[in-house]
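*Asks:* Given the coordinates of chain A, work out where chain B with the ligands should sit on it, guided by the hints.
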Amino acid sequence: MSQLAASCHRPATLPGAEPRLLLIGNPNVGKSLLFGCLTKRYVTVSNYPGTTVEITSARATIAGESRLVIDTPGTNGLVPQSDDERVARDILLSSPGADVMQVGDMSNIRRTLLLSLQIAEHEMPFTLCLNMSDEAKQRDAEVDPVALAAAIGIPVVATSALRRWNLERLKREAIRPARSRISAEYPAAIEEAIAEILEVLDGSPDLATRGIALSILSGDETLKRFLPEESLDEFDAIRERAQARVTQPLSWTIVNARLNAVDRILGRAAVVQSLPRSSFREWFGALTMHPVWGWPFLLGVLYIAWLFVGKFGAGIVVNFVENTIFQQHVNVWTIKLVDFVARFPHQHPAVGGVIGAAYVGAAHLSTAQQFARFFHDLLVGPYGVVTMALTYAIAIVLPVVITFFTFFGVLEDSGYLPRLAVMLNRLFRRMGLNGKAVLPMVLGLGCDTMATLTTRILETKKEMVIVTLLLALGVPCSAQLGVIMAMLGPLGIGLASVWVGVTVGTIFLVGWLAAKLVPGKAGDFILEIPPIRTPKLSNILIKVLARTEWYLKEAVPLFVVGTLLLYLLDFLHLLTKLQRLLAPIVVGGLGLPAQASNAFLIGFLRRDYGAAGLYAMQKAGALNPVQTVVALTVITLFIPCVANFLVMLKERGTKTGLAIAGFIFVYSFGIGWLMNFAFHLVHMA
Amino acid sequence: MSDFDLHVCPLCSLDFNGAVCHSTCPFAKGCRMIRCPRCGFEFVDEGMMVSLVRRLFRSSHERTSA
Ligand SMILES: Nc1nc2c(ncn2[C@@H]2O[C@H](COP(=O)(O)OP(=O)(O)O)[C@@H](O)[C@H]2O)c(=O)[nH]1
Ligand SMILES: [Zn+2]
Ligand SMILES: [Zn+2]
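Taken in order, these protein sequences are the chains called A and B. First residue of the first sequence: 1, per our numbering; consecutive thereafter. First residue of the second sequence: 686, per our numbering; consecutive thereafter.
For reference, chain A alone in the conformation it holds in the complex:
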């Protein structure tokens, strides 16, 4: 190695001791962009010594390890034809032990592999990044990185620097280069010449590679300063002897052999790609997304969700947590404690041997006693933080969302979600909808729906408004869906289907209108479909835990705020006035008890909180099944939460935001009114 280091100039600005990561590749493959993605900061641009060729380098942490990342000039081979190519080759040769990453254009796989082969011949461990995979997909020139990796024996990662795809996997692999086993078959004359050159180079092991030998045979003048001076004449002699034995110029013969080798590799990669599919897993995986059989399967999945979340979670678990733990213990003890601290004459009548938030007390209280009552009611009154907010959040909603998250975790971990996406996208497509815009939302039931999404995928203002509307109307966040499922549990399949029908119908109706208004471009939805796998318990538990924590942080504070609001309204005697104001809509239109307007009020803060309020009413027998479905549908279609509303105003402008909110308000209550009306007609008939 000493020879090499002495004879070659390292770029002056690049410290020598640091581990390097070299990016090497053909021109115009997105190498610079990729370099930018990998490094971001501390970029140095310098001229390679003795040239006008600019070299970009930067220190960066790659998969936890520090590297000096160097972007070499684009090159088509390691026998340089230009100054740029010479610099690229020189940096490569003067960085022994560096992690080499070849960047290639996926659509141009032959050219890419031609360079790979030469790096392999130089016996350098490297990784291959197939960049511009987005373009390759569009042009139907996709290459399976797994098959290619198997064929050439080094890590291969498909990326898109432009879209920032798969850069993390790239980083992970970048520091784990491997020696490729690919090689070309040269004519005997060349193979023998290679052997002779390697014998001469025996003393300098870093130079003794097939790659160097082939460069010498190709007549590479620029290589001379790397080679031991005393051997130069001998190399010339070997080359002339070899040339005498082949008809074409040596360099041409070499390139030709390399091209043949590349075609052989591509043939092998193609074979690996089309492995026969036979196992049960594959069969089952295909069934779940079959254009016909996928649908009964999906119905089955929904039915299981309903059983698990609605019947088990909401029925059994909530009953235990709410009735036993909270009503009989937590609330009782808190009430007793508060009564002990904040004294004023009152009594909590025991219902079934257990005291609750309701109480009877004296009409006239001293100022101190009034103060005590304020504090008492704040914590344990009918709108108390403990008796309402925490009971709803912890005793009712939490068990429900935990069961729901568990179910959802199974779906995620089994690999069913992408299949579901394919199924739904097929349906959306037939209706001319852009599945790409809403599917991840519908499936992910993410929070904070519209803000981030719309800016990214959708181009026109019209599209944005429609998607905003669609999401606010039809897509509940995960916690909300959990509570809604819980309420559907006791209703029976028939009424539960009414809710499903109306909600899904709304998504399709708005989506269909959207497709009419915004024609063209039904976006495609490209997914790698992972194999179906048996979900792992530990994975699911981790997901449930993470989501639960998120839920507690996100929802509980708003529950408390909502309760305080109700409490204040009640304290100022505004609540009954508000209920009376809303009575024509809630009681007259929807046929619900006046008390239900509380649920809609807090439902505006967070839909699941409102749903929990309805759920409490349902459990107390204040809502019959028909009323439950009506109330549930209205609250589902309602704006998800006040945050969502504010985002709408901010992102879409006050006027548009208010218009959307107004439409949603009218639509949700209008549908509720229609349902109530229809149920009455059916009832009378």
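Note that these hints are calculated values from the structure, not bench results.
Computed list of lysine to any residue pairs in SDA-like fashion (alpha-carbon distance at most 20 Å, straight line):
id	chain 1	residue 1	chain 2	residue 2
1	A	K536	B	V693
2	A	K224	A	A195
3	A	K536	B	M734
Now the in silico label distances, taken between C-beta atoms and shown as ranges:
id	chain 1	residue 1	chain 2	residue 2	range
4	A	A594	B	R739	47 to 57 Å
5	B	R740	A	F320	27 to 37 Å
6	B	R739	A	R533	15 to 25 Å
7	A	K336	B	R739	35 to 45 Å
8	A	A150	B	R740	32 to 42 Å
9	A	N256	B	R740	58 to 68 Å
10	A	H329	B	R740	27 to 37 Å
11	A	T534	B	R740	25 to 35 Å
12	B	R740	A	V642	28 to 38 Å
13	B	R739	A	K40	23 to 33 Å
14	B	R739	A	A150	25 to 35 Å
Fair warning: this is a prediction, and the values are worked out from it, not measured in the lab. Ideal Cβ positions, reconstructed from N, Cα and C, are used throughout, including at glycine.
*Replies:* Just chain B with the ligands now, kept in the frame of chain A:
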């Protein structure tokens, strides 16, 4: 979080890091939602509780294996 805070999208199998919910949502300050940069799927980052459990398991595992 480190440079190597890797997520795998459950919907499209992309792995990536970053892409935390940078929303205008007024409640999103501490939001642990992650969104996949390719398909937009949202899921929840592992929070405190998970890392706590992980640590617990790791230390007990180390103890038993030691
Ligand atoms: N579609 C697509 N374009 C890319 C990608 N990476 C880079 N590009 C574009 O390809 C062009 C060449 O990129 P550049 O980084 O200059 O390539 P370099 O010559 O290899 O350094 C630029 O216009 C990039 O924006 C990619 O992954 N997909
Ligand atoms: Zn009391
Ligand atoms: Zn994704």
